[in-house]
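J.: One-letter residues, chain by chain:
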Amino acid sequence: MKIAVCLKRVPDTTAKIVIGASRTAIDEAGVKFVPNPYDEFALEAAIALKEQAGTGETTVIAVGTDASQETLRTALAMGIDRAVLLQSAGSADGLAVARVLAAELKAGAYDLILFGKLAVDDYNHQVGVMVAELLDLPCISAAAKMTLSGTAIEADREIEGGVEVMGCSLPAVVTCDKGLNNPRLPSLKGIMAAKKKPLDVKPVTLDGASFEITGLELPAERQAGRIVGEGADAVPALLALLRNEAKVL
Amino acid sequence: MKVLAVTEQRDGALRKVSHEVVAAARSLADQSGGSVDAVVLGAGAVAGMDQLGGFGADQVLHGTHADFALYSPDGASATIASIGAEYGAIVFASTAMGRDLAPRVAARLGVSCANDVTALGVDGSAVTVTRPIYAGKVLQHGKLTGKTAIVSVRPNTFHPVASGKAGSVSALSVPAFTARAVSKGVKKPDAALLDVTEASVVISGGRGLKEPANFKLLEDLAAAFGNAAVGASRAVVDAGWRDHGEQVGQTGKTVSPQLYIAVGISGAIQHLAGMRTARTIVAINRDKDAPIFKVADYGIVGDLFEVLPRLTEEVKKLRSS
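Protein chains in written order, with this note's numbering: chain A, 1 to 249; chain B, 1 to 321.
Okay, chain A solo, but in the shape it has when bound:
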């Protein structure tokens, strides 16, 4: 089975975000970058499926600048076989990114294409599903549990107030949610092996954008409120404030 995972390099979730001089991008100075946490579930799923099958090939693909090579090497160190960097400055436009990914994925004739359900930087929350539409493939988004038997996929996706059970057949696109698995850490042996694995760099042009960023701003800081009191005796005063001052009861 041929499995592809699409990966994005993002700032670590613990990073403090500072807006850059352009006001349309963040200041990357001093920010630690990591593989998108949701993409790690996709990487783990791909590696585990190949291990179970005993055969097959796993490929990781990123759209980004040369800085993404390090992120791709992390995926190779986890156990992915080969990497492709679609070299570009990237785009805020989800469809523009989906188009270059779809072109690369189509040429690879993959049985299963995995994404994280969203990237924790721009929260665009669309590229994986768009790629499925562009390739005319079935898609299950935000899978928190997945089983593959033969060519049939069954996956659970969390919806408001319940769990939706979805099914489709390979070839397919699945975007991965937390809960799917526990991503492995790269081993020392894996890190050494990753240095020798193939990483192809292919320049691409992203165009046809219909979404543009006009500005970024930091949200207003919340003012610290007040300590109503200590212990259970403060409860009546709290409820009075919620009712009469905040008017939320």
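There could be a bad hint or two in this list.
Quick look at which bits of chain B chain A covers, simulated, 3 or more residues with Cβ under 8 angstroms [what the hints assert, rightly or not]:
no., stretch
1, 97-109
2, 126-135
3, 141-148
4, 205-218
5, 240-254
Over 10 angstroms on every C-beta distance to chain A, these chain B residues come out as not near it, computed from the model [to be verified]:
no., residue
6, 31
7, 32
8, 54
9, 69
10, 173
11, 270
12, 295
Derived from the structure by calculation, the hints contain no laboratory data. The beta-carbon is built from N, C-alpha and C at its ideal position, and this holds for glycine as well.
Using the hints, position chain B against chain A.
T.: Chain B only, in chain A's frame:
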């Protein structure tokens, strides 16, 4: 601008978030001098669809298909895309369904989409959006310049106003589609729980609860409020105490309830990012120096095992009075 509002139903009844979607679509139509159509997809009649006029829909388009008893990604996207190009904007809810469906329709129409939008505007023929990114650490302002602007709006952000006006309902033809990914059904938890993104009160617990069984105290308080959901910090989700669906913060959900009560949560940066847009924040924590008190409107310093039962009791009294 003609605006299409994509509603959601479950078990043959419209979900409340649909009213918010219609309200958001109405605001776009009013800013640009246009009209609102609301699309309702179901296996048959959907309870509440005749009241959408009162929430701002000029016309309700009702598409029926046997597959629409459950969510049909391929059927819904084919149906909406078949009429989508007639509209200047299409508004979805940023829910599990909306975030699956909006990109499908966008790709079919050859445009991008903006998800989880908290403010909408019109600039000439473009639609402007504000979206929290980095889980709310940054607000992104952007512009959709395609022929059709596709957005999904964050629940609890656009407030519906009911006028009691009736809306005309007309049949929408459903094109032929291939059901490639299908819903086999929805598993529901034992109790009908509200989702943290949609509840007007969210009560979240962290490590301070000491063990999973103690979340019962939060569930009791949520039951006393009646319109509340239970949330959790990343620490307790990673420890396996609670489901990921309840996690509030950067690798979980971003919530904007009327009232957020953080119990035994210290307030890590990634948690604060997920709840800072709540209208009112209450923190209950033993440590008076916990960072959560820096964002809370009201705090109680104390032992949550004493404070919570009292709070539940007082809320019950208030509710019954």
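J.: Each hint should be assessed against the structure and marked as holding or not.
T.: We went through each hint and held it up to the structure:
no., hint, in the structure
1, 97-109, "holds (count 9)"
2, 126-135, "holds (count 6)"
3, 141-148, "holds (count 6)"
4, 205-218, "violated (count 0)"
5, 240-254, "holds (count 7)"
6, 31, "holds (17 angstroms)"
7, 32, "holds (18 angstroms)"
8, 54, "holds (23 angstroms)"
9, 69, "holds (13 angstroms)"
10, 173, "holds (21 angstroms)"
11, 270, "violated (5 angstroms)"
12, 295, "violated (4 angstroms)"
Taken one by one, the earlier hints fail for this structure at numbers 4, 11 and 12, listed in ascending order.
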